[in-house]
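Novice: One letter stands for each residue in the lines below.
2 protein chains.
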Amino acid sequence: MYQHIRDVQEQQASRLVSRYIKHYESKTKRSKQLFGHASSIIPSGTSHNIRYFEPYPFFARMASGKYIYDVDGNAYTDYWMGHWSLILGHSPKVVVDVLRDRAVEGTIFGTVNEHALRLAELIRKLMPRAEMLRFASTGSEATMYAVRLARAYTGKRMVAKIEGGWHGFNTDLMHSVNYPFHEPEGKGILEEELRYVVALPFNDIHGSISILDGVKDDLACIIVEPLLGGAGCIPADRDYLYALQEHARKSSALFILDEIVTGFRLSLHGAQHIYSLEPDLFTLGKIAGGGLPIGIVCGLKDIMSLADVRGKSKGDRVSIGGGTYSENPLSISAGLAVLDHLARNPYIYSRLEVLGDEVRRGIDKVMSEHGVRVKSTGMGSLFLTHFLSDGVEDVKSARDVAICNIEMQRLYHFALLSMYDIFFLPSKLGAISTEHDSIDIRRLVDASERIAGDIAYLNVI
Amino acid sequence: MYQHIRDVQEQQASRLVSRYIKHYESKTKRSKQLFGHASSIIPSGTSHNIRYFEPYPFFARMASGKYIYDVDGNAYTDYWMGHWSLILGHSPKVVVDVLRDRAVEGTIFGTVNEHALRLAELIRKLMPRAEMLRFASTGSEATMYAVRLARAYTGKRMVAKIEGGWHGFNTDLMHSVNYPFHEPEGKGILEEELRYVVALPFNDIHGSISILDGVKDDLACIIVEPLLGGAGCIPADRDYLYALQEHARKSSALFILDEIVTGFRLSLHGAQHIYSLEPDLFTLGKIAGGGLPIGIVCGLKDIMSLADVRGKSKGDRVSIGGGTYSENPLSISAGLAVLDHLARNPYIYSRLEVLGDEVRRGIDKVMSEHGVRVKSTGMGSLFLTHFLSDGVEDVKSARDVAICNIEMQRLYHFALLSMYDIFFLPSKLGAISTEHDSIDIRRLVDASERIAGDIAYLNVI
Numbered sequence: 001m002y003q004h005i006r007d008v009q010e011q012q013a014s015r016l017v018s019r020y021i022k023h024y025e026s027k028t029k030r031s032k033q034l035f036g037h038a039s040s041i042i043p044s045g046t047s048h049n050i051r052y053f054e055p056y057p058f059f060a061r062m063a064s065g066k067y068i069y070d071v072d073g074n075a076y077t078d079y080w081m082g083h084w085s086l087i088l089g090h091s092p093k094v095v096v097d098v099l100r101d102r103a104v105e106g107t108i109f110g111t112v113n114e115h116a117l118r119l120a121e122l123i124r125k126l127m128p129r130a131e132m133l134r135f136a137s138t139g140s141e142a143t144m145y146a147v148r149l150a151r152a153y154t155g156k157r158m159v160a161k162i163e164g165g166w167h168g169f170n171t172d173l174m175h176s177v178n179y180p181f182h183e184p185e186g187k188g189i190l191e192e193e194l195r196y197v198v199a200l201p202f203n204d205i206h207g208s209i210s211i212l213d214g215v216k217d218d219l220a221c222i223i224v225e226p227l228l229g230g231a232g233c234i235p236a237d238r239d240y241l242y243a244l245q246e247h248a249r250k251s252s253a254l255f256i257l258d259e260i261v262t263g264f265r266l267s268l269h270g271a272q273h274i275y276s277l278e279p280d281l282f283t284l285g286k287i288a289g290g291g292l293p294i295g296i297v298c299g300l301k302d303i304m305s306l307a308d309v310r311g312k313s314k315g316d317r318v319s320i321g322g323g324t325y326s327e328n329p330l331s332i333s334a335g336l337a338v339l340d341h342l343a344r345n346p347y348i349y350s351r352l353e354v355l356g357d358e359v360r361r362g363i364d365k366v367m368s369e370h371g372v373r374v375k376s377t378g379m380g381s382l383f384l385t386h387f388l389s390d391g392v393e394d395v396k397s398a399r400d401v402a403i404c405n406i407e408m409q410r411l412y413h414f415a416l417l418s419m420y421d422i423f424f425l426p427s428k429l430g431a432i433s434t435e436h437d438s439i440d441i442r443r444l445v446d447a448s449e450r451i452a453g454d455i456a457y458l459n460v461i
Numbered sequence: 001m002y003q004h005i006r007d008v009q010e011q012q013a014s015r016l017v018s019r020y021i022k023h024y025e026s027k028t029k030r031s032k033q034l035f036g037h038a039s040s041i042i043p044s045g046t047s048h049n050i051r052y053f054e055p056y057p058f059f060a061r062m063a064s065g066k067y068i069y070d071v072d073g074n075a076y077t078d079y080w081m082g083h084w085s086l087i088l089g090h091s092p093k094v095v096v097d098v099l100r101d102r103a104v105e106g107t108i109f110g111t112v113n114e115h116a117l118r119l120a121e122l123i124r125k126l127m128p129r130a131e132m133l134r135f136a137s138t139g140s141e142a143t144m145y146a147v148r149l150a151r152a153y154t155g156k157r158m159v160a161k162i163e164g165g166w167h168g169f170n171t172d173l174m175h176s177v178n179y180p181f182h183e184p185e186g187k188g189i190l191e192e193e194l195r196y197v198v199a200l201p202f203n204d205i206h207g208s209i210s211i212l213d214g215v216k217d218d219l220a221c222i223i224v225e226p227l228l229g230g231a232g233c234i235p236a237d238r239d240y241l242y243a244l245q246e247h248a249r250k251s252s253a254l255f256i257l258d259e260i261v262t263g264f265r266l267s268l269h270g271a272q273h274i275y276s277l278e279p280d281l282f283t284l285g286k287i288a289g290g291g292l293p294i295g296i297v298c299g300l301k302d303i304m305s306l307a308d309v310r311g312k313s314k315g316d317r318v319s320i321g322g323g324t325y326s327e328n329p330l331s332i333s334a335g336l337a338v339l340d341h342l343a344r345n346p347y348i349y350s351r352l353e354v355l356g357d358e359v360r361r362g363i364d365k366v367m368s369e370h371g372v373r374v375k376s377t378g379m380g381s382l383f384l385t386h387f388l389s390d391g392v393e394d395v396k397s398a399r400d401v402a403i404c405n406i407e408m409q410r411l412y413h414f415a416l417l418s419m420y421d422i423f424f425l426p427s428k429l430g431a432i433s434t435e436h437d438s439i440d441i442r443r444l445v446d447a448s449e450r451i452a453g454d455i456a457y458l459n460v461i
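For the protein sequence lines, the chains are F and B, in the order given.
Here the first sequence stands for residues 1 to 461, numbered as in this note's numbering.
Here the second sequence stands for residues 1 to 461, numbered as in this note's numbering.
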C-alpha cells in the first residue's frame with residue numbers, strides 16, 4: 001500500500017506508513033476483525049466503493065454531533081459527515097425529535113401527504129427555479145430523471161457533463177468520472193448506453209465550448225456541479241458557469257445544475273443563488289433529506305410538467321419516479337426539520353464560511369511552513385487539501401487533481417485518522433457542520449502541522 | 001373518467017360512478033384542496049405516477065397497524081401497505097422501538113457498520129444463494145446493478161425481461177413495462193439505451209424460448225419476477241421459471257430473480273425457496289428495509305466479487321453502488337428488526353397464506369354469485385381481482401391483464417375506498433399484513449359482494 005510513495009523514498013516512507021498503520025491497527029482491532037468478515041460477504045467489505053481505504057475502514061458504532069464512534073471505542077471528529085449530508089452534525093435534536101414522533105405514525109404511506117407538500121413549498125420558496133419538483137430517494141435517481149426530462153423536452157440526445165463530474169451510479173451518467181477520463185468506467189456498461197454523452201474540461205471555457213459547439217445541434221443538456229465534488233472540491237469559476245448556461249440557451253439545450261452536494265450547504269438558496277444562475281433543472285439530495293435518503297429533481301414548470309401522466313398516453317409522457325420510498329414521511333420530515341432550522345438561523349452560513357476560510361488558510365500555512373506544497377480548495381464549509389506536484393500552481397479541474405500527489409493526500413488523511421482521531425474519507429473533501437467550532441479547526445490545523453513535519457521530506461520528490 | 005364504462009352503459013354507469021365519486025369527495029374535502037395545490041408544484045400531484053388515481057388521491061396523515069388515516073379524519077383498512085413493503089403492518093412495535101433508539105445514534109454514518117454486516121449475514125443464512133451482497137437504497141438501483149454485473153460477468157449484452165415486468169425507473173430496464181409492450185415507455189429514453197433489451201411473454205415457455213434462442217449468443221441475463229407484480233399479481237408457473245433458468249444455464253447467461261416484492265413476503269426464504277430455484281443473482285427491497293428505503297443485490301460470489309474494487313484498475317472493475325445512503329443504520333436496523341421478528345415467528349407465513357386463500361376464494365365466489373366474471377390471482381398474502389372479458393378464462397400474463405376490464409377493476413377498488421374505507425391503489429395488487437385478520441377479510445369480501453351487486457349489470461357488456 002502507498003506503493004508509489006514507498007518506491008520513491010523507500011525507507012523513510014515505509015517507516016512512516018508503517019507507523020501510521022500500526023497505530024491504526026492497534027486501536028481498531030475489532031474493526032479489523034469485522035472487516036475481514038465483511039469482505040467475505042460484501043464486495044470490498046462495504047457497499048460504497050469510496051468507503052474502502054487501506055488497510056481497512058473502521059466500523060462505525062454510533063455518531064452524535066461532530067463525533068463518529070467506532071466499535072473499538074474510538075471517537076473521531078468527523079469531517080466526512082455522512083457523505084456531507086449533515087450540516088447540523090449527526091442526529092441533531094430537531095431531527096431526533098421529529099423521527100421519534102413520526103416513527104409511530106408510519107414510515108411509508110405509499111401515497112401523497114402533507115409533509116411532502118410542505119417540503120416542496122419550502123424548497124420552491126428558497127429556490128424559485130424549483131417551479132415544480134419530484135421527490136425520489138437518491139441523488140442518483142434525481143440526476144437520471146433530470147437527463148430523461150432534458151432529452152424529452154428538447155427532443156435531442158447529447159448530454160454534456162464534466163470530466164470528473166459525479167452524479168451517482170446511474171448508467172446514464174457513468175462516463176468520464178475517474179481519470180483517465182476517456183476510458184470507460186468499468187465493465188458491464190455498454191458503449192451504446194453512453195454514445196450520447198460527452199465530457200467537458202472543468203473551468204476551461206475555451207475547451208468546453210469547442211466540444212459543445214461540435215454537438216450543439218443534438219445537445220439536450222449540460223449537467224454540472226457548481227462545485228466539483230467527489231473529483232476534488234473545486235468551485236467553478238463564475239464565468240465558466242455563465243458560459244455553459246449561455247451555450248445551453250443558444251443551442252436550445254437545458255442547463256442542469258447538480259446541487260446535491262451544494263444545495264443548502266453553500267447557502268440556503270443553493271449555489272445557484274451565490275452564482276446568480278438560472279438553471280432549467282437542478283437536483284437536490286443530501287442535506288435536503290436531513291440525513292435520511294432523498295433525491296429531488298426540480299425545475300421550470302414547462303419541463304417538469306412533462307412528467308405529469310394524467311390524461312397522457314404512454315408515448316406522450318415522460319416516465320420518471322418517484323419510486324417506492326419517495327415522499328416517505330421520515331425522510332421528508334427530517335429534511336423539513338433541518339431546512340426549517342437553517343431558515344430560522346441564517347447566520348449559520350456566515351459562521352461556517354468563517355470556519356471554512358480558517359481551515360483552508362490554516363492548513364495551507366502550516367504545510368507551507370514545512371515546505372509541503374499544498375492547496376486547500378473549496379468554498380464555504382467544504383474543503384480539501386491537495387498536494388501539488390512540481391510545476392502545478394493551482395487546482396482548477398479534475399485533470400489538475402489527477403496530477404497532484406493523491407497518495408500523499410490519502411496518507412495525510414489516514415494520518416489524521418490514525419494519529420489524531422480526525423476522520424476524513426481518505427482523498428475526499430471534508431465538510432464542517434454547525435457542531436464544529438474554532439477549537440476543532442485549530443486541532444485539525446495543529447494535527448496537519450505535525451503531519452507536515454512527518455511528511456515534509458517525502459513531499460520533496 | 002371511467003369513460004369506457006360510461007360509453008357502454010351510459011346512464012346506469014354514470015349514475016354509479018357519480019355516486020362513488022360524490023361520496024369520496026364529500027369525505028375527502030381537505031385532500032381535494034391539498035391535491036389541487038400539490039398538482040401545481042409536483043407533476044401529477046404526487047411523486048410516483050401510480051399513486052395518482054381519479055378523481056384525486058387522499059392525503060395520508062398517519063398510519064398505524066392495518067390502518068392509514070387521511071387528513072379529513074377517515075381511517076382506511078390498508079391493503080396497499082406502502083407498496084407492499086409492510087408485512088407487519090404500519091409502524092410495528094419492533095420497528096418503532098429500534099428507530100427511537102437509533103435516531104439519536106446517527107442516521108447516516110457513511111461508513112461500514114456492524115448492523116449492515118448483521119443484516120448481510122442474516123440474509124445469507126435465509127437465502128443461501130446470497131453468497132455475497134451489496135446494499136443500495138432503492139430497488140431500482142438494485143436491479144440496475146444486477147444487470148451491470150450480468151453484462152460484466154458474461155461479457156455479453158442482451159437482457160431478456162418479461163412483458164409487464166417492473167424493475168423500477170432505471171433507464172436500463174424501462175422497456176416493455178406497459179401495454180402495448182412493443183411501444184417505448186415514454187419520451188427521453190434513447191433507442192440506443194434499450195437496443196439490447198428484449199421482452200418475453202410471461203408464462204409462455206414456447207414463446208419465450210423462441211425469443212431467447214434468437215439472442216442466445218449475446219444473452220447476458222434473464223431477469224424475472226417470480227410473481228409478476230405491478231403488472232397483475234400473477235405467479236409464474238414452476239415450469240416456466242425452470243425453463244428460463246435452464247435456458248440461461250445453457251446459453252452461459254445469468255438467471256436473475258427480482259424478489260423485491262416476493263422476498264420475505266412469500267416466505268422467509270423467498271420465492272426462490274418455494275420454487276426451488278437457483279438464481280445466479282437476485283434482488284431484494286421492500287420488506288428487507290422494514291419500511292425504510294433499501295435495495296439489495298445478492299448473488300454468487302464469483303459474480304458479486306467483480307464489484308470488489310480493491311487493487312483493480314478502472315477498466316477491470318464493475319462499478320456499482322451503494323450510494324450515499326447505503327448501509328444507513330436506520331434502514332438496516334428496521335430491516336433487521338422485521339426479519340428477526342419473521343424468523344422468530346415462522347407461523348406468520350402459513351397464517352397469511354390462509355387469509356390470502358380466503359380472500360381470493362371469497363371475492364371470486366361473491367362476484368360469481370352476482371354473475372360478475374372475475375379471477376383473483378396471487379399467492380400467499382398477495383392478491384388482485386381481475387375482471388374477465390368475454391372468452392378469457394384465466395389470467396396468466398400481462399397480455400391477459402391488458403384484455404381484462406381494467407376500468408372495472410379501477411372502479412371496484414375505488415368503490416372499496418369510497419364506500420367501504422378499504423384502500424387499494426386502484427388496479428394494483430393488495431397485500432395482507434400480520435395486522436389483518438379474518439374479520440378484515442370478511443369485511444372485504446362483504447364489501448366486494450355489495451359492489452358486485454352495484455356493477456353486475458355493467459359487467460355484462
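Keep in mind the hints are simulated off the structure, nothing from the lab.
Take these hints with a grain of salt, some might be off.
Intra- or inter-copy, both count: the list cannot distinguish identical chains.
[Unchecked claim] Here are the computed lysine-lysine pairs in the DSS-like style, where the Cα-Cα straight-line distance is at most 30 Å:
#  : residue 1 : residue 2
1  : 32        : 312
2  : 312       : 29
3  : 32        : 250
4  : 216       : 93
5  : 187       : 29
6  : 125       : 32
7  : 365       : 93
8  : 312       : 301
9  : 312       : 27
10 : 187       : 27
11 : 250       : 187
12 : 312       : 93
Novice: Mind listing which of the numbered hints don't hold for this structure, in increasing order?
Specialist: Hints 3, 4, 5, 7, 10, 12 are the ones this structure does not satisfy, whereas the remaining hints hold.
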